Amino acid sequence: MRWGVVVFPGSNCDADCYHVIKNVMGQETDYIWHQDSDLSRFDAIILPGGFSYGDYLRTGAIARFSPVMSSVIDFAEKGGLVIGICNGFQILLEAGLLPGAMLRNKSLKFICDSVYLKVKRGDTPFTNRMREGQVIKIPIAHGEGNYYCDQETLLRLKQEKRIVFSYCSQQGVESTAFNPNGSVENIAGIINEKGNVLGMMPHPERCSESVLGGTDGRYIFDSMLEWLKEMGEK
Amino acid sequence: MKELTYREMGLIDEEYAKIKEIMGREPNYLELGMFSVMWSEHCGYKNSRPLLKMFPTDGPQVIQGPGENAGVVDIGDGQALVFKIESHNHPSAIEPYQGAATGVGGIVRDIFTMGARPIALLDSLRFGELDDDRVKELFSGVVAGIAGYGNCLGIPTVAGEVYFNSSYRGNPLVNAMCVGLVKTEEIALAVAGEIGSPIMIVGAKTGRDGIHGATFASEELSEKSSEKRPSVQVGDPFMEKLLLEACLELIREDLISGMQDLGAAGLTSSIAETASKKGRGVEVDVLKVPRREKGMTPYEVMLSESQERMLIVPRKGKEERIKEIFDKWGLDAATIGRVTGDGMFKIYEGKQLVGEVPVAALTEGCPVYIRVGQEPDYYREYMDFDPFSLPQTEPREALLKLLASPNIASKKWVYSQYDYQVMTNTSVLPGDGDAAVLRIKGTSKGVALTTDCNSRFVYLDPYKGGMLAVCEAARNLACVGARPLALTNCLNFGNPEKPQIYWQMQGTIEGMSAAARALNTPVVSGNVSLYNETAEGAVYPTPVVGMVGLLQDISSRCDMIFRDEGDIIVLLGRFRDELGGSEYLYRCYGIEKGKVPAVDLDEEKNLIETVLSLNNEGFIKSCHDISDGGLAVTLAESAIKGEIGFSVDIDFKGKRLDGILFSEAPGRAVVTAQRENLLALQEKAAYMGMQVQVLGTVGGPDMVFRNSGQEVLRISLEEASLIWNRAIESYMK
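These protein sequence lines are chains U and F, in that order.
Residues in the first sequence are numbered consecutively from 1, following our numbering.
Residues in the second sequence are numbered consecutively from 1001, following our numbering.
No lab work stands behind these hints: they were computed from the structure.
These numbers come from a predicted model, not from an experiment.
For each residue, glycine too, the CB sits at the ideal point set by N, CA and C.
Any given hint could turn out to be false.
Which bits of chain F does chain U cover? Going by a derived footprint, with three or more residues having C-beta under 8 Å, they are [to be verified]:
no., stretch
1, 1149 to 1155
2, 1236 to 1244
Just the calculated beta-carbon pair ranges, DEER-fashion [stated by the list, open to error]:
no., chain 1, residue 1, chain 2, residue 2, range
3, U, G214, F, E1349, 56 to 62 Å
4, U, E160, F, G1076, 51 to 57 Å
5, U, E233, F, G1700, 54 to 60 Å
Using the sequences and the accompanying hints, generate a full structural model.
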């Protein structure tokens, strides 16, 4: 199994993702420079967090034009696993791999904290090691994580059960009171129609080792690995 | 552009005369500008150099002491920490967002200039009282600026401090510290290399921003200071991130013989500093410097403080490879001159020589002033004030006032704006312990980081206050399980030409030196920021101490959080009741006077050793030192963080209740232990000659204090928690 971590100028969680996949999980992992376009050797692609191209225009808005992104789109169309974390999620939205857009946090401030997420699906490639309704604790760090989409899209997301994570209390109560950024329907993460592309604002790579105070992030990477293994066997 | 006179550039008549003597002629405008920035206090340390010599700077752990871009200490396994703290006070007073942002940018460049990967940022901030709208604006602008720059760079901001006191109203203090990790063999120094070596400027293009920033930083702030807004640089963290990655690639490939960032005084300073290390000379052509604006004069190019630029001296034949790397990151890399052997700094505009100054005249030639200090009038008067001449404040009311004090209350409003977890090393998070702890990937080690200074103590007694700043930093590191290694400092004072201010500087540095020697924490880097004054007066003398410590085993890290019902609460150290200079006096009476608590360096050292030993033995579950707000606040904070109450019973032995509860006397910490470990803890502490007092137990919904069985204070955890958590937020709505 080979994982690729895309590096845009301004990515800053690339090394963190690489570390978890390579050193903690012991998987083959490579960095992919934003000007590379050959993704044929990879089984899963991570778009990491950061401030790609400085995010000067709009978060993720310039990254989508980089050579690697057209390859990521092809890769996703062929069914490859793609996870976009934080700025990576924003890039997936800009690239049209996921619907919707990001607004500035309701507080208009950058927020770094730990939040609780409710797992809404236990049967995706990213969540198969969790059960529906499970609550996980996970760090966030963003200034623009206020997910927005129109009513029609929201209805579709709900009908197609594509909301994978939503902000909630420690006990699992979903409410705006526990939503750090004001996102519509307390959305923290969504998948595409085929279920092979996940975008999420929280950072699973920041809670995949006990020395960092939590390991719930491992559920997500372990799920992906599990799914890749199963696919490999088929 | 209107030409400035030498006085407007901040030089005095005697200094101008000295320049003429060195040059043997009148300097031209460019040369004069170069002298004025290099001879400013900010670059030349002309008022502080003799005092700084008092600091201990050696130790077996020290790889590089003061004199380079940052200090370096050994942490074993061929690894070292590179760190330094620096001020950006005046720019932040005028333009808080950009001032603070570029402060972060500057200190980060100091660290990667040494070849180190920056792994953490800390910020020590001071503002006026929060009920003032201008102060709120400065506070939120500074915090946003730090966040905007540091977050984008992907370097976690893991610790720091924020204080509010009216002395900082017009002149906030913004001190940024950066810590980097480097393989010992990859440490890079600012050395000019061989004669004939090219000199390159890399990174951002040069514009007209920040001209005379160093001069501006070396004078008092006045109503006219806002006119200096063009002296404030503008930061581009994305550019810095690219520059950081590109420069570290140069080091990894061993392509350079010297590297120096462009900070205060821009090209002038970085070239002079680089050349002076080996007595070299330099020739540069200003036309070769990539520019952002048209029509810039040599004077503007040489004095610009445009951010995100770096000077490098390539190894022989490596220029092309360097250009390739910078090209990959989309950055400029231009050869602008070469190293010569004649010790002269020659500036050309194309073929024409437009300025020529001896390098040494700019650096070592900077005048030094040994001034005479004078004890200020307030010193003895304030020291004679007896806090016990005041009636006691009702203890419940007092504790609530302290928990609501922005100096004590939760700083979450601040640190939640900082990305403190990027790089996935932060193991003790902001607010959870007395210092931040970071793991070092690939090892079992951890490092602990803190900044500290109680400037009220320093104001009331510079010598003791200086000692206390060092002691508190070392104590904080021990409380998270780390052995203190070395320190950096940022000395923020008023105008040194005033004898009373110079007296404060002298006493402070003497006190810091004594403590640094006793605790074996040498000074390896630092920065001096003087002229922190407005028409309302000088800021409190504020010698911020940034200290690093080492945990051999990260799994032994300790935080301040009360854990389980039934755990025993133990005070390490004596009950003390000195209230001079305490937050209690300030919040309950509006008084900032009294005798600063006694400092016993042996006692402090013993506390540190005892805490480290108890922690290594696994006897303690939490540890929190006693500082701002005293014993009562220490207990309350641990309870609030643990979301569990406590009950303590203290025998006051006739002493005043407020003294025991709110004294900020040093050399003490509160720890918790499982009941089974209590005896072992007591025996170990006794063996180390440390006094211990069992105070009570963790548990229950309230915080309860008793005096020999009789309840004297009870506050529900819920109420205390709400007040402590919301205090700063409620000012900032």
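Against the structure, the hints come out as follows:
{"no.": "1", "hint": "1149 to 1155", "result": "holds (count 4)"}
{"no.": "2", "hint": "1236 to 1244", "result": "holds (count 6)"}
{"no.": "3", "hint": "G214/U <-> E1349/F: 56 to 62 Å", "result": "holds (59 Å)"}
{"no.": "4", "hint": "E160/U <-> G1076/F: 51 to 57 Å", "result": "holds (55 Å)"}
{"no.": "5", "hint": "E233/U <-> G1700/F: 54 to 60 Å", "result": "holds (55 Å)"}
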